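Q: Chain residues, written in single-letter form:
2 protein chains.
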Amino acid sequence: MKSFFSPESVAVIGASDRPLKGGHVILKNLRSLGYAGKVYPVNPRLGEVQGWRAYPSLREVPGPVETAVIIVPREKVPEAMGQAAEKGVRSVIVATAGFSDAGDERGLALHAEVARIAQAAPFRMMGPNSIGTIDTHSGFITGITSHEKLPPGHVAMFGQSGMFASGFANHIRSHGRFALSKVACLGNKLDVDELDMIDYLAEDEETKVVGMYFEGLSDGRGFLDAARKLASKKPVVVLKSGRTEAGRRAAAGHTGTLAGADAIYSGAFRQAGLIRADGLEDFFDRLEVFDRCPVPKGNRLAVVSITGVGCVLTADAVSDSNLRFAELSKETLGDMRSVVPDWAPIRNPVDMWAAIERHGVEPAYQVLCQAALQDQGVDALMVIFTLIEECAFDAATVLAQLRIAHPDKPIVAAFLGGEAKLEQQWRKDFSHAGLPAYASVRRAVVALDALAGRIDQIGDNQRLCCGLS
Amino acid sequence: MKSFFSPESVAVIGASDRPLKGGHVILKNLRSLGYAGKVYPVNPRLGEVQGWRAYPSLREVPGPVETAVIIVPREKVPEAMGQAAEKGVRSVIVATAGFSDAGDERGLALHAEVARIAQAAPFRMMGPNSIGTIDTHSGFITGITSHEKLPPGHVAMFGQSGMFASGFANHIRSHGRFALSKVACLGNKLDVDELDMIDYLAEDEETKVVGMYFEGLSDGRGFLDAARKLASKKPVVVLKSGRTEAGRRAAAGHTGTLAGADAIYSGAFRQAGLIRADGLEDFFDRLEVFDRCPVPKGNRLAVVSITGVGCVLTADAVSDSNLRFAELSKETLGDMRSVVPDWAPIRNPVDMWAAIERHGVEPAYQVLCQAALQDQGVDALMVIFTLIEECAFDAATVLAQLRIAHPDKPIVAAFLGGEAKLEQQWRKDFSHAGLPAYASVRRAVVALDALAGRIDQIGDNQRLCCGLS
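Those protein sequence lines, which keep their order, are chains A and B.
Its first residue numbered 1, the first sequence is counted upward by one per residue in the numbering used here.
Its first residue numbered 1, the second sequence is counted upward by one per residue in the numbering used here.
Since the hints were made in silico from the structure, they are not lab data.
Being a predicted model, the structure only gives us computed values, none of them experimental.
Hints may be right or wrong, so weigh each one.
All copies of an identical chain are treated as equivalent in the list; a pair is satisfied when it fits inside any one copy or across any two copies.
[Unchecked claim] Mimicking SDA-like on lysine to any residue, the simulated pairs with C-alpha atoms at most 25 Å apart in a straight line are: (1) Lys-28 x Glu-48; (2) Lys-330 x Glu-105; (3) Lys-428 x Pro-363; (4) Lys-21 x Glu-423; (5) Lys-87 x Arg-116; (6) Lys-149 x His-432; (7) Lys-421 x Pro-152; (8) Lys-21 x Pro-363; (9) Lys-421 x Trp-353; (10) Lys-428 x Gly-176; (11) Lys-149 x Ala-392; (12) Lys-421 x Asp-282; (13) Lys-421 x Ala-439; (14) Lys-240 x Ser-321; (15) Lys-76 x Asp-342; (16) Lys-28 x Lys-421; (17) Lys-240 x Gly-279; (18) Lys-240 x Glu-281; (19) Lys-421 x Glu-389; (20) Lys-149 x Glu-390; (21) Lys-2 x Lys-87; (22) Lys-428 x Ser-146; (23) Lys-149 x Phe-393; (24) Lys-240 x Asn-322.
Whole structure, please, built from the sequences with the hints as guidance.
A: Take a look at the structure:
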């Protein structure tokens, strides 16, 4: 499996000099991500592509080739695979689509042919219809849409869809949500499938959090056994959506069947210690919190909010979760009183507006958050901001400072209304500080709830988050 | 009630020349929003504030004053109210906090005093603890945090919290979500409450969609009667969160009670034809779709998606909704086939990747969306985009063009992954085009589901959206 992520050499069969072609973009991406291995473009018509010498076929490539990416018209895929077998490559990624995914007669025939070749070949194969893998540490990438440099990180994600190495990876980087370690798009899963990925990522030292997406499983029991082992080591967030068939059934109104099957999946995931996400936003939300926060020692939450609405919305979200509000100690209440005027009540969730009016925004947040974190009865802190000019300050730095003294307590921000421009800036600041920031209090609570859900599953040595370990 | 939104004159009792003070910001905002009425700052120490002549007290103001905003320390509020009564103002907004909201002894005593004065006075009162109202059409505003010019629109929102005239109004404008007509922060609701607002907005011609937030109601039956009447005329989205007491009970683990009471609210809302939002993001999501889309004639949805993941995630979301997938006619399938290669299946939701590869991004979207909209069996269209450079085009213009021929069919966009910068630009473009765009397929489906939920409640003359009427 290592050959799919950090090979010493790669041949791109179907390399192109036309900017929009996948066989061109892959090479551009290898440059952008700084892949240091040997690169061999293969194209019978070209002498050089993007500074790399090109070869008419794989046979002509001098020296060994560890990995081959095949991106030629579907009719030519079997031949290219034959060359790869002959050359003795260790792994093949077939990017070309139009096999079992197309479903036409010719596609199914080619599928059978490709399957026969793969079975006899000495290499492992990803795909067909896989736009491949990304490894942010080695700089290896076979995605066919353009990428800027991706910062190396500790979150691996995979699924059968090409979106993981394209739109989703773009989203995660450009929104500063978390940093990826490895990405794999499994495509039609003719050979490499979820089980291979699970076993590989369980041992991968660069990966500390795993996110996986799938629509259907061929080997449910095998999957659950492997996933249970992985989940005992690393948090695993699963986005399982209905298979296309199920989607069509749903469309026809047979929701009962679908919901039933879906509930079975949920139960199995829970038993295996997998964390099930509710849609794509939630999938990223949960991966972010696991990447950036330690697992807390308990489920007792303190909340500091600029507004009463934030407190009430949080209370609602908490009541739907397994979190509960921490009971603040007398000492904590005393510390908080130093900024809260006498007439204003102090209770958790803390409505801090009166403290802001009296002492200014930054001192109020600083004192109240510090007091909450120092409380032995508080396991996690959620801080609610409204992003208007009057209330703007360098909040990410203040919270990052407080985290130093409390590395075992997750700190999560929620943005409740305000200016889009400030939100962009704050999101960037929080991302740099390695603090999760959510666009709603509900999403922040759901993420913290998932985090606290790992309490019983792990030992203290696994508690610290990626960012701090 | 009109005096709270478009008075001919306003006195600001507690006007200030210090930039951070509410009594300063209100005046600044009146300038920013272009309020054309008479403005009388009241402050015994100042001769002029921001170009308006100031008066030592309300008595000295020449001519009639329709509305007074009181923003002085709480001890001085009763006296200011007395002046307002003497002057014969028609409405008073008390921005000062620290009454029943504080809960201290002095606060409760002042509350009683203010209540006594209000009852005897000839004016209606909003507050105390109300940071007031915004009317984007008249330019009248009493919010105490800074605002740029707010574009006049057709969505009214109110709640007891000050957030509506501050962070939430900022959020809605700066994210280009929809345009507001009127905003009211009711504060402690000593006099003006939800019922007054409901009755007023039912008749308000500038308001075509209503969003309301509350935590508790003193007159549940009266509320439901009034709300039912309002909902028969205009879509009403309600964000009801747990009362603070309920929040605290929730914190202590008494979730059963809370959930029970909450289910009763949900049932009552449904009977009254109110649309209940699930959290703040959803509240804005639904207001946006009602502002920008016509209510469809049925619940049959067509989906055009750049990726199969989008299709499957949509199928899941649709199966949780009352929408269903439209069955595409033979004619539609034929039209779509003109851009989809023969080997690729065409079904709804439409995975368009093969069409993009063959014909380019813009032609593929144009042809497929047009074909879907022309189908008699399609009531609404959802279009899924991934915001990467390779797939970028002027989608807002293409969809806005298609809408011209199909003004009775809602068109909603969902962004599935991609670059943050492109997302900002696209969001702006869609906002200018008056098309709703959501950050996830699930949110887009939930919004469309709410829209289709109005089908049975309205006549054809109420079907068209604000943007087109």
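Q: Work down the list of hints and note, for each, if the structure agrees.
A: So, going through the hints one by one against the coordinates:
1. Only within a single protomer do Lys-28 and Glu-48 lie at most 25 Å apart by alpha-carbon distance; the minimum there is 13 Å, versus 64 Å between protomers.
2. Only between protomers do Lys-330 and Glu-105 lie at most 25 Å apart by alpha-carbon distance; the minimum there is 22 Å, versus 74 Å within a single protomer.
3. Taking the closest pair of Cα atoms, Lys-428 and Pro-363 come within 25 Å of each other only inside a single copy of the chain (22 Å); across copies the shortest separation is 36 Å, beyond that limit.
4. When the C-alpha separation of Lys-21 and Glu-423 is checked against a cutoff of 25 Å, the pair qualifies only between copies, where the shortest distance is 24 Å, while the shortest distance within a copy is 36 Å.
5. Proximity of Lys-87 to Arg-116 under the C-alpha cut-off of 25 Å is restricted to the intra-copy arrangement: shortest distance 18 Å within a copy versus 93 Å between copies.
6. Proximity of Lys-149 to His-432 under the C-alpha cut-off of 25 Å is restricted to the intra-copy arrangement: shortest distance 16 Å within a copy versus 33 Å between copies.
7. Taking CA atoms no more than 25 Å apart as the test, Lys-421 paired with Pro-152 passes between copies only; the shortest distance there is 21 Å, against 27 Å inside one copy.
8. For a Cα distance limit of 25 Å, the shortest separation of Lys-21 from Pro-363 across copies, 18 Å, qualifies, whereas the shortest one inside one copy, 55 Å, does not.
9. Taking the shortest Cα distances, Lys-421 and Trp-353 sit within 25 Å of each other inside one copy (23 Å), while across copies they are farther apart (33 Å).
10. Proximity of Lys-428 to Gly-176 under the C-alpha cut-off of 25 Å is found in both arrangements, the shortest distances being 7 Å within a copy and 21 Å between copies.
11. Taking the closest pair of Cα atoms, Lys-149 and Ala-392 come within 25 Å of each other only across two copies (20 Å); inside a single copy the shortest separation is 31 Å, beyond that limit.
12. For the homomeric pair Lys-421 and Asp-282, the shortest alpha-carbon distances inside one copy (23 Å) and between copies (21 Å) are both at most 25 Å.
13. For the identical chains of this complex, Lys-421 and Ala-439 are neighbours both inside a copy (14 Å) and across copies (17 Å), given an alpha-carbon limit of 25 Å.
14. With identical chains, the CA atoms of Lys-240 and Ser-321 are at most 25 Å apart both within one copy (21 Å) and between copies (18 Å).
15. Taking the shortest alpha-carbon separations for Lys-76 and Asp-342, only the inter-copy value of 19 Å comes in at or below 25 Å, while the best intra-copy value is 79 Å.
16. Proximity of Lys-28 and Lys-421 under a CA criterion of 25 Å is satisfied inter-copy only: 21 Å between copies versus 32 Å inside one chain copy.
17. For the identical chains of this complex, Lys-240 and Gly-279 are neighbours both inside a copy (9 Å) and across copies (24 Å), given an alpha-carbon limit of 25 Å.
18. In this homomeric assembly, Lys-240 and Glu-281 come within 25 Å of each other (Cα to Cα) both inside a single copy, at 13 Å, and across copies, at 23 Å.
19. In this assembly of identical chains, the alpha carbons of Lys-421 and Glu-389 lie at most 25 Å apart whether taken from the same copy (10 Å) or from different copies (22 Å).
20. In this homomeric assembly, Lys-149 and Glu-390 come within 25 Å of each other (Cα to Cα) only across copies, at 17 Å, whereas the closest approach inside a single copy is 36 Å.
21. Taking identical chains as interchangeable, the C-alpha atoms of Lys-2 and Lys-87 lie at most 25 Å apart only when both belong to the same chain, with a minimum of 18 Å there against 83 Å between chains.
22. With identical chains, the CA atoms of Lys-428 and Ser-146 are at most 25 Å apart both within one copy (22 Å) and between copies (24 Å).
23. When the C-alpha separation of Lys-149 and Phe-393 is checked against a cutoff of 25 Å, the pair qualifies only between copies, where the shortest distance is 24 Å, while the shortest distance within a copy is 30 Å.
24. Taking CA atoms no more than 25 Å apart as the test, Lys-240 paired with Asn-322 passes in both settings, with 22 Å inside one copy and 21 Å between copies.
Checked against the numbered hints above, the structure breaks none of them.
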